[in-house]
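*Asks:* All chains, please: the whole structure from these sequences, using the hints.
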Amino acid sequence: MRRIILSLLVGILFLILQTTWLHSFPIQRIRPDLLLIFTLYLAFLFPPIFGGFLAFLMGYLMDLFSGNALGFYTFSRPLVFFAAQFFKERFYLEGFSFQFLFAFIFGMLEGILILMLMNALHPVPPGNLYPLLLTFLLPQSFFTGLATPLLFWFFQKGSSYSFRQPENGIKERV
Amino acid sequence: MRIRGFFLFRRYTLLIFIILLLLFALVLMSLRAKQRKGVEFFDALLMEICSPFQKASTLVIKTVQGTFQQYVFLVNLEKENRMLKQKIAELQEENHRMKEMKLANDRLRQLLQFREKNSPSMIGAEVIGQDPSSWFKSVTIDKGERDGVKKGMAVISPAGVIGQILKTAPHYATVLLITDYNSAIDSLVERTRAKAIVEGKGENRCQLKYLLRAEEVAVGDIVVTSGLDGNFPKGLMVGEIKKVDKKGHGVFQYAELVPSVDMTQLEEVFVIMGPLPPPPLQEEKGKKGKKTKK
Numbered sequence: 001m002r003r004i005i006l007s008l009l010v011g012i013l014f015l016i017l018q019t020t021w022l023h024s025f026p027i028q029r030i031r032p033d034l035l036l037i038f039t040l041y042l043a044f045l046f047p048p049i050f051g052g053f054l055a056f057l058m059g060y061l062m063d064l065f066s067g068n069a070l071g072f073y074t075f076s077r078p079l080v081f082f083a084a085q086f087f088k089e090r091f092y093l094e095g096f097s098f099q100f101l102f103a104f105i106f107g108m109l110e111g112i113l114i115l116m117l118m119n120a121l122h123p124v125p126p127g128n129l130y131p132l133l134l135t136f137l138l139p140q141s142f143f144t145g146l147a148t149p150l151l152f153w154f155f156q157k158g159s160s161y162s163f164r165q166p167e168n169g170i171k172e173r174v
Numbered sequence: 001m002r003i004r005g006f007f008l009f010r011r012y013t014l015l016i017f018i019i020l021l022l023l024f025a026l027v028l029m030s031l032r033a034k035q036r037k038g039v040e041f042f043d044a045l046l047m048e049i050c051s052p053f054q055k056a057s058t059l060v061i062k063t064v065q066g067t068f069q070q071y072v073f074l075v076n077l078e079k080e081n082r083m084l085k086q087k088i089a090e091l092q093e094e095n096h097r098m099k100e101m102k103l104a105n106d107r108l109r110q111l112l113q114f115r116e117k118n119s120p121s122m123i124g125a126e127v128i129g130q131d132p133s134s135w136f137k138s139v140t141i142d143k144g145e146r147d148g149v150k151k152g153m154a155v156i157s158p159a160g161v162i163g164q165i166l167k168t169a170p171h172y173a174t175v176l177l178i179t180d181y182n183s184a185i186d187s188l189v190e191r192t193r194a195k196a197i198v199e200g201k202g203e204n205r206c207q208l209k210y211l212l213r214a215e216e217v218a219v220g221d222i223v224v225t226s227g228l229d230g231n232f233p234k235g236l237m238v239g240e241i242k243k244v245d246k247k248g249h250g251v252f253q254y255a256e257l258v259p260s261v262d263m264t265q266l267e268e269v270f271v272i273m274g275p276l277p278p279p280p281l282q283e284e285k286g287k288k289g290k291k292t293k294k
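Chains as they are written, first to last, in the working numbering: chain V, 1 to 174; chain A, 1 to 294.
It should be emphasised that the hints constitute simulated quantities derived from the structure, not laboratory data. Any given hint could turn out to be false.
[As the list claims (entries may be wrong)] According to the in silico footprint, chain A covers these stretches of chain V (three or more CB under 8 Å from chain A): (1) 15 to 23; (2) 31 to 44; (3) 47 to 58; (4) 62 to 72; (5) 78 to 86.
[What the hints assert, rightly or not] Across the chosen pairs, the derived CB separations fall in these ranges: (6) A:262 <-> V:116: 28 to 34 Å; (7) A:267 <-> V:96: 34 to 40 Å; (8) A:249 <-> V:4: 34 to 40 Å; (9) V:121 <-> A:101: 44 to 50 Å; (10) V:101 <-> A:40: 37 to 43 Å; (11) V:21 <-> A:216: 45 to 51 Å; (12) A:213 <-> V:4: 56 to 62 Å; (13) V:6 <-> A:42: 20 to 26 Å; (14) A:248 <-> V:3: 53 to 59 Å; (15) A:102 <-> V:130: 45 to 51 Å.
[Stated by the list, open to error] So these bits of chain A aren't anywhere near chain V, every CB distance computed over 12 Å: (16) 55; (17) 84; (18) 103; (19) 112; (20) 147; (21) 171; (22) 195; (23) 200; (24) 201; (25) 213; (26) 216; (27) 218; (28) 222; (29) 237; (30) 249; (31) 260.
From the three backbone atoms N, C-alpha and C, an ideal C-beta is built for every residue, glycine too.
*Replies:* What follows is the structure, given as structure tokens:
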């Protein structure tokens, strides 16, 4: 229970950082998605049911503070979590490059999903948004990928300190 | 049979959970689309919990930024100059603070004049947070239902239109910026009185939709609100046209505009509270008269 509450508080902290501190960066496109990285880490830290519920809450919080009126992230974040859970056993995830790729791919896939949902569910589809995949989503996912190894390292340190777990590799944690 | 059913349930618990969770997310989407009260209450509750932290974080960031700007160049000073530098720093800080106060004073005076000139039923609010996602454009303000803020109310600044209230909590609200893809405002080209809808296009840009090809618009033309949507008063500046394209076929032409307000630098805004006077029809009639004369 303590682990869940602590993770929820960390999630809220990341949301606040994302809505305040990250916006003071001069270039908007280099803003990594901290909550996505955290959701991916949840896949290594929690079993599917608790983790899925937390990912759902993270998505709900994202939707709450965004101009997204329908709530796409409430749907996409649990999907990202379950996909990460599914793939974590099938891929080697130690080291910078693999963690970078893991987050980069998930960032891109989630962006594509959001774009498809926007086009499908919006009463008046908002024009051709697909060029944004290259001009916007690609750089953002790249920087999310770059920030991932560093944040994973912090999460590992934090969870080993908070829950008195030995500092194993990321996959040995589950 | 019952035991077998139980084992089957246990075997597929995870799958059932995943399907239920995703279904629940879809149901929430549907409830949000229908604007049901239950979801709104839960949204407001969570917003009330998170927004004070957001407000505190914004305050800390502003303070740290101010301090950083003030002191970052003074770190590597030699010892013999420390006293002198400290004095300079103190004076600089004082100067900086006074400059900030002057800027705030100017800004607030401008806001006050604007408020007095336009509508007495406006409320000032501070921006405490931005949109966490990159796809959508919104800000969180520190005024909510308890201050009389309601969904759909117009949000403006002395420089022009900012957006509309999208979600409300007792003490906080989310504003959908005009640059968001979901935003649409009824507007007019000031010079030619051509009607169009201003839609968001993401990064500090908007586009004019349903602008008739026959209408003459040029780069540099100012776009103002028409007042017909019932949310915004007539004549508020929306932005300036930066690109006009008549190349394609069809009834409409394409125009792109840059909002008059820099949405990345928002600090204080106004929410229009009171009912708006019905938009005058004189100009519309005048325009129709002109057209018939032609």
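*Asks:* Could you tell me which of the numbered hints above are not met by this structure, giving the numbers in increasing order?
*Replies:* When the structure is compared with the hints, numbers 8, 16, 23, 24 turn out to be violated.
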